Structures are given as structure tokens and as C-alpha cells.
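Protein chains: 2
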Amino acid sequence: MTMLNKKKFSYTVNKKNFKIQTIGIVGLGYVGLPLMLKFTNSKKYNVIGLDVNKIKLQKLSQGISYISSIKNSELINIKKNKIILSNEFKNIKKCDVVIYALPTPLTDNKDPDMSFIRDAILKSKNFFKKNQIIILESTVYPGATKDYFANELKKKFVIGKNFFLGYSPEREDPGNKKFNISNITKLVSGYSKKCLIKCENIYNSINIKTKRVSTIETAELTKLFENIFRSVNIGLVNEMKLICDKMGLNIYELIEAAKSKPFGFKAFYPGPGLGGHCIPIDPYLLTWRAKKYGLSTKFIELSADINNSMPNFVIDKINHSLNQNKKNFSNSKILVVGVAYKKNINDTRESPSVEIIEKLILNKSKIFYHDNYVKELEIKNNGNIINLKSIKISSKNLNKFDVVCIITDHDYIDYEMIKNNSKMIVDCRGRFKLAKNIVSA
Amino acid sequence: MTMLNKKKFSYTVNKKNFKIQTIGIVGLGYVGLPLMLKFTNSKKYNVIGLDVNKIKLQKLSQGISYISSIKNSELINIKKNKIILSNEFKNIKKCDVVIYALPTPLTDNKDPDMSFIRDAILKSKNFFKKNQIIILESTVYPGATKDYFANELKKKFVIGKNFFLGYSPEREDPGNKKFNISNITKLVSGYSKKCLIKCENIYNSINIKTKRVSTIETAELTKLFENIFRSVNIGLVNEMKLICDKMGLNIYELIEAAKSKPFGFKAFYPGPGLGGHCIPIDPYLLTWRAKKYGLSTKFIELSADINNSMPNFVIDKINHSLNQNKKNFSNSKILVVGVAYKKNINDTRESPSVEIIEKLILNKSKIFYHDNYVKELEIKNNGNIINLKSIKISSKNLNKFDVVCIITDHDYIDYEMIKNNSKMIVDCRGRFKLAKNIVSA
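Taken in order, these protein sequences are the chains called H and Y. Mapping the first sequence onto our numbering, position 104 (from 1) lands on 104, and the numbers just tick up by one. Mapping the second sequence onto our numbering, position 354 (from 1) lands on 354, and the numbers just tick up by one.
Do not rely on the hints blindly, as some may be mistaken.
The list makes no distinction among identical chains, and a pair is therefore deemed to hold if it is satisfied within one copy or across any two copies.
Stated by the list, open to error - With a straight-line cut-off of 30 Å between C-alpha atoms, the simulated DSSO-like cross-links for lysine-lysine are:
| no. | residue 1 | residue 2 |
| --- | --- | --- |
| 1 | K38 | K259 |
| 2 | K59 | K93 |
| 3 | K342 | K71 |
| 4 | K292 | K259 |
| 5 | K343 | K259 |
| 6 | K433 | K194 |
| 7 | K326 | K209 |
| 8 | K178 | K342 |
| 9 | K259 | K423 |
| 10 | K266 | K343 |
No lab work stands behind these hints, which were simulated from the structure alone. None of the values given here were measured: they were computed from a predicted structure.
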């Protein structure tokens, strides 16, 4: 069934201009939603948004954004009924172009979990038709676009002749105020030269700049390389943080100092651990594939080791702070400030805050959290789910906590108030100058 | 004895302006020489250049530069007799300010070799006088400035009161056409606030921009961090090169593609191994010191592992190329193009070319090299020294070599000629598009 009232989301065919194309976006998350809006706002395409999550579709139809970096006002063209929103894959057959923007998480064994892509292909494949163009935007291991899409398509079509396949990895950075889909150059690659050109034309038609690469595998590996670069440099600066901690030096002062070198340096910042859907996950996609070639990916593994150890470093610092006041976890109240995986957004996927809160709860601490972006939070505890709610903070209630731990430093937070009213602060983001009651973590 | 004719290098005292200060630079190498010229050209100081190497002093006195990035014409003020050049440390007592720019290599065990600094202090210490300012510019382990200078100075002076000590790490990048001593911000730090201000004033007085850091150790560790950052990122891209090599992808295309991302990425390039006095050496200064704190420096060690394995990767590629033509090392003639550690300079310190040539000679290959920057090269062979001389290359002699290996890609070289006239090319710098007779290494 089509989830949404067909009348309400009726399909606006532009009869005057028979050339207008219909584009389908499969997966309306952090990548698919801004992409769908970009196509919609260009007014050059009829747009169909497909997602299996009915709650998301319902929210969009009401003009309510579930991504903090996209305002409700940006959804205006959805409310104006210009977009079909559906969970039915038969809509694929209406499309001239289909872009897949699906998650590619890891299994518990840190192997690529391709189930979202596999399922989407299974649901789509009966609706693929001649001369369609399909583009994958998900981050995948080198070879995945061919393994999953090309192998399926070849059963019915001649790719490059009567069907076109491309890969164009997303480069979204939610919360980045300077760069978004409109000014980020996209890599494009195709199964053949003709595929490449067709894919490129689609993005160029809505004013997205593109850069061609010679093969799909090159584009797939480049996307991983970009995220591995970040993971490794965050790992390095986290290792430097541990060294500074022992030597009594301030890692943030070091970074600011190094930034004064006008070449050869780029600042990355330490933190309580990695979060989000990209940096903690993508490197492993290469690790998995490299095994096929008998290669090890040592930098990836080392940065994962160090980055994954950061939450424990924070826990140790909290314990150290409690100890100063003759407390321990089990008789203390702890406030975590910021639970999104990075500042000024509402995304808690892989957030180190969640891991830290889970460990503090296991240690019998009484845990509270504050985050205006994340009003509710699910925490696992011995196989059960605990639902926490964000509490308000004020000069009156801050001194009730034995430790206030700044994990994610959203810009809206009043740090001066926290400084002036907290017994002990564990600061994972370098927000405060160190003092007797402020510990860097 | 003063090496140089005293008359010729007479000291020009500016009697009209009694405030003019005398500055001594100890160590006239890649750091000290441009620094000495900068002070000289400012015309605000009397300048004394000290070095234990008489050949260097002789060349300078004749207006001949031994550093390819400094032209003879830049030595004009030396020839005009405005500078005292000497190997006698008693000149220290004439100085208001002494800047030490000495090498800090490693011992065979990869521990810091502080002998140049220790020796210079031994030779200087009897000539230190009240109210002198001493600045160290060498890259050192965190704590070294105090261990070596402060501990000696404290015997006779009260640092910060009647003697002033600072640390300001050099950031020279010979061959860099955009950045040099005149537009690179320098970090400055001092034993005390007064020391810091005095050191800062000296650099500022000759229009060098400075950035203060709070402690000498912070400046020492920041300098190491900058070079570790480079070493790690070169290690990462070398690991990616190995992965691309196995997957049949082009690392240079990947880097160009990743560079199109307008944030979060910075390009580093793979190569045949690390060279120069900084990147292969400096990271170990931190590794050594970190042991005192029970810390490991895993990123440093991993990048060293990978970067140090690169010459062997090149050797393997040369062997592979020879094998294609039914040859092996011992019955082949090999031409190495470029022996400086990086392009457009004449510095061969730690150059991977030297290691590669040594290994090829051990394997009984007949080795020739071409490098207009480096006319002669010393190669170790079973405890003996072999002196090689750069040969000219032309369309006529290139095809006499079984393999031409591009290790350092100076800009002056005619790559088209090499491509058109060589039997096999092993390309360590991505200069060529791959072809039947061109192998990427």
C-alpha cells in the first residue's frame, strides 16, 4: 500500500514539457533528504521519495523535519504536494533516475552490513526498466556497486547500452555551516563512459559541481580514504592528548600553536570518542575488503584502537574527579552535557555519550543528561532499555551533581553558568581553562 | 684561532647608535644560514656567524652558497664584510643574543643524539655573560631546552632576572616557493614571561611574525607534533598506495579526487620513503621521551614502519620490471633519477635514493644516477665508501639502461625524453601515466 493519501500527494505531471524527468530517491535520511529537497527546489524534476520508515514519511508530509540541520521551512515544497512520498517500491517504474542513499552499517563482527542495499535491490528489481539511470550514493567497500547493482542489472539489461549505472558518494556534513549539498563538489563515476556522462549531467542539471573519476572502484575507495584520513588524524590527536595529559601540557594550546604554521598542518581535535555514521564505520569497509587481497590496514586498526579507548579515558577522569571529593561511582550523581555525536545536531548514532552513560550506569551512578537537541535517549542496560529524558540545567540545580561532564559542546549551552555552579567539571572538549574543579578529559 | 682573516671579516661597530645589538648564530645550516641572512639584511644588528665547519665558512666568505634554495646573490652582504664568520666560540661574549640552530639527529638506537648541542654549550659556556639572551631553534624532545641550557645557565645566572632563555623552533622548508623565513610565523616560548617577551621582540624587530606559547615544553612538543602529523599522513598515504597497487587503482587519481572535497581533507603524497632531517627523525624524539612517562607512541611507530618499508617496495618493483625483460639485478644496468630527498633541492640527508642505490649495489646491479643538484654522492658498500658522480642523460644514452627509476622528480628534468627513450621506467612519483613499459612504485 502507498502509505500516504494518493490524492494529497498526487503526482504533478508537467504535460507541456515532455522532457521533464522523474527522479526517485531511495532512503530519506541525512543524505537522501537534502538531496530530495535539492532536486525538488530545482523545479526541473518530478520527485519521488521512497523510504521504508513510515514515521519519517508521515513527518515529512506534515512538513516536520527529523534532521536538526534541515529546518521545517525547507520542507515547504513537500507540503505544497510537489513530491510523492511513499514506501512502495513500485514507484521505481515511474522513475527515469533512481538514487539510492541507504545506510551501510557494520555487523557485530565489523563486517559490512549490506542488508539495506540488498533489500532495496530486491524490492526494486522488478520495477527496473530500460534506459533507467541508477546511482548509488552510499559509502561502500570498493567493488560493492558492481557486486550488488551491476550483477543484478546484467540479468536483464546491457549496462551502458540500455541501462545506466553510476556511483557518486555523498559528502554530507550535517551541521557544517559553510558547506552543504549546494557547494560540495561530488565525485561521479560510471560503469561505462556513457554511464558516467549521464550521471554527471543529472547532478550538473541542479547546479551540483562534479569531479569525474575513471572507475567506480576509484570513487568507492576515494570516499573511504576521505573518512579514513579523518579517523586517522583524530586518532593521532587523541594519542597526542594522552601524551599531553601525562606531560601536563594542554593539547588545545598545542593545536592552536601548530595552526600558526602556514603550510603542512591541518587541525583536528581530540574528543571523547568517535561518533556518527561515517568515521567509526567506514574505515572497516576497507579493512574487510583488503583481506581479500591479503593486505592489512594498520592505520585504520590503530586509529580505531585509540579512538575506541577514549570513552574509557573519560570514565577514568570522572572517577578521578569523584575520588577528589571522596566519592565513587555508586554514591554519585553525574550530569552528562551533550549526547549528540557532534555539536549543534541531533544525531546520536554511535555517540560516545551513549557508551559513557551506559558504563556509568553499569557502575551504579545516578545519571542525568542535558541536550536540547536530543530530548529522549535510549540506553541499554543488561539487555533492557532505559529511557532517559533531557533535563533542564540552571544555576540552581548544577551544584547537585558530583560531576558535570561536558561530552558534546553545543554552542547554545551557557558554559559560564556551568563553570560558576558546578562542583566538579570533566571537560572533554577544551571548553574551559583548567582550574581546581575542572579536569580535562 | 679565527679561521678567517680578521681584517677581511672585521666587525662593523655602529658607533652612532649605541643601542645596536650583536646577534650570534651558532650553526649555519639549513636553519642558521637563512636566519643569519635575515638578521643581516635587516641592518638592525651586528651579526656573527659561528660554525665548526671551516669549509662552510670559507664558502660563505667567498659568497658561495652550499644550500640550493639560497642563491649566491643573497650572500652579498657577507661579501661586503658586514658579518663576522668564525669557528671560535669566544665570539659568544661579544653577543647580546645568541641563537643556536644545531642538528639533533638520532643515535643508531634511535635515541636523541644531543651531542651537537652539548658540545656547543661546552664551548660557549665560559663566554656567557650577564643579560645575554639565548634562544634554541633546534627541534628537540620536550624538556631538552631546560635539561641542556637551563641547567647549565643556572650555575652562574638567575634565568629570567640576569639571563634570558627562550625556545623558538625553526619551521624552515627548503625549496618551498611560497613560504620562507620572512612569512612563516614562529612559535616563541620563554623560561619566564620576561624571557618570552625578550625573545619575541628580537624576531619581531626583523619583521618575523611570532605566536606565543605558554611554556618551553609546549613549544618543543608542538614542533614535534607538526612533524609527526606529516610523518603519519605520509605513512597513511603510503599504506593507501600499497592498497591501490593491489587493487589496480591509481593512488594519485584518488588523491586528486579527494582534494575536490572542500573541507576535512588535506593532500599528502606517497613516495619511495622519507628523507631530510625532520620527518624521519623528529618523531623518535617524542617516542624516546614518552617512555619516561610509560607511554607508547603508536602512530609514530606505525608510520615509521610503513615509511621505512617503502624503499623495499621500490626495489621489488625494479625487480619485477627487470623480470619482465628476463633480467635480474646482477646482469642489469639501472639509472636512478633524482637523489636529493625532495625535489628542487640539493639535500641528500636520509634520502631514500641512497638506501635504494645501496641495496641495488649489494644486489650487484650496475648503478648510475642523474641529479643536477647533487653532482657527487657517497654510497656505503660493505664498510667501504663508493663515490658516484651524476651522469648526463640524453635521448641517446637512456636506452642503455634496463630500468630508469624516477625517485626524486626535480622540475628541470625532461620527463617526455625519459618516457620516449627508456626501456622500462619505475616511477615513484606519479609522473607518468601507466603504460606497458611504465611501472608505478
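Can you tell me if K178 and K342 fall within 30 Å by alpha carbon in one copy, between copies, both or neither?
within (16 Å within a copy, 36 Å between copies)
One pair to classify: K433 and K194, alpha carbons no more than 30 Å apart. Within, between, both, or neither?
Classified as between; 23 Å across copies, 57 Å inside a copy.
First find the shortest C-alpha distance between K342 and K71 inside one copy, then the shortest across copies, and answer within, between, both or neither for a cut-off of 30 Å.
within (18 Å within a copy, 50 Å between copies)
Within, between, both or neither: K343, K259 at alpha-carbon 30 Å:
Both. Shortest intra-copy (22 Å) and inter-copy (25 Å) distances satisfy the 30 Å Cα cut-off.
Could you place K259 and K423 in one of the four classes (within, between, both, neither) given a Cα distance threshold of 30 Å?
neither (33 Å within a copy, 46 Å between copies)
Is the C-alpha distance from K292 to K259 at most 30 Å within one copy, between copies, in both cases, or in neither?
Classified as between: cross-chain Cα gap 28 Å, same-chain 39 Å, threshold 30 Å.
Are the CA atoms of K266 and K343 at most 30 Å apart within a copy, between copies, both, or neither?
For K266 and K343, the Cα distance is within 30 Å both inside one copy (20 Å) and across copies (23 Å).
Alpha-carbon proximity context of K59 and K93, limit 30 Å:
within (25 Å within a copy, 79 Å between copies)
Alpha-carbon proximity between K38 and K259, which holds within one copy, between copies, both or neither at 30 Å
between (35 Å within a copy, 24 Å between copies)
Since the copies are identical, ignore which copy is meant and state whether K326 and K209 lie within 30 Å (CA to CA) inside a copy, between copies, both or neither.
neither (59 Å within a copy, 48 Å between copies)
In this structure, the earlier hints numbered 7, 9 are contradicted, and the remaining ones agree with it.
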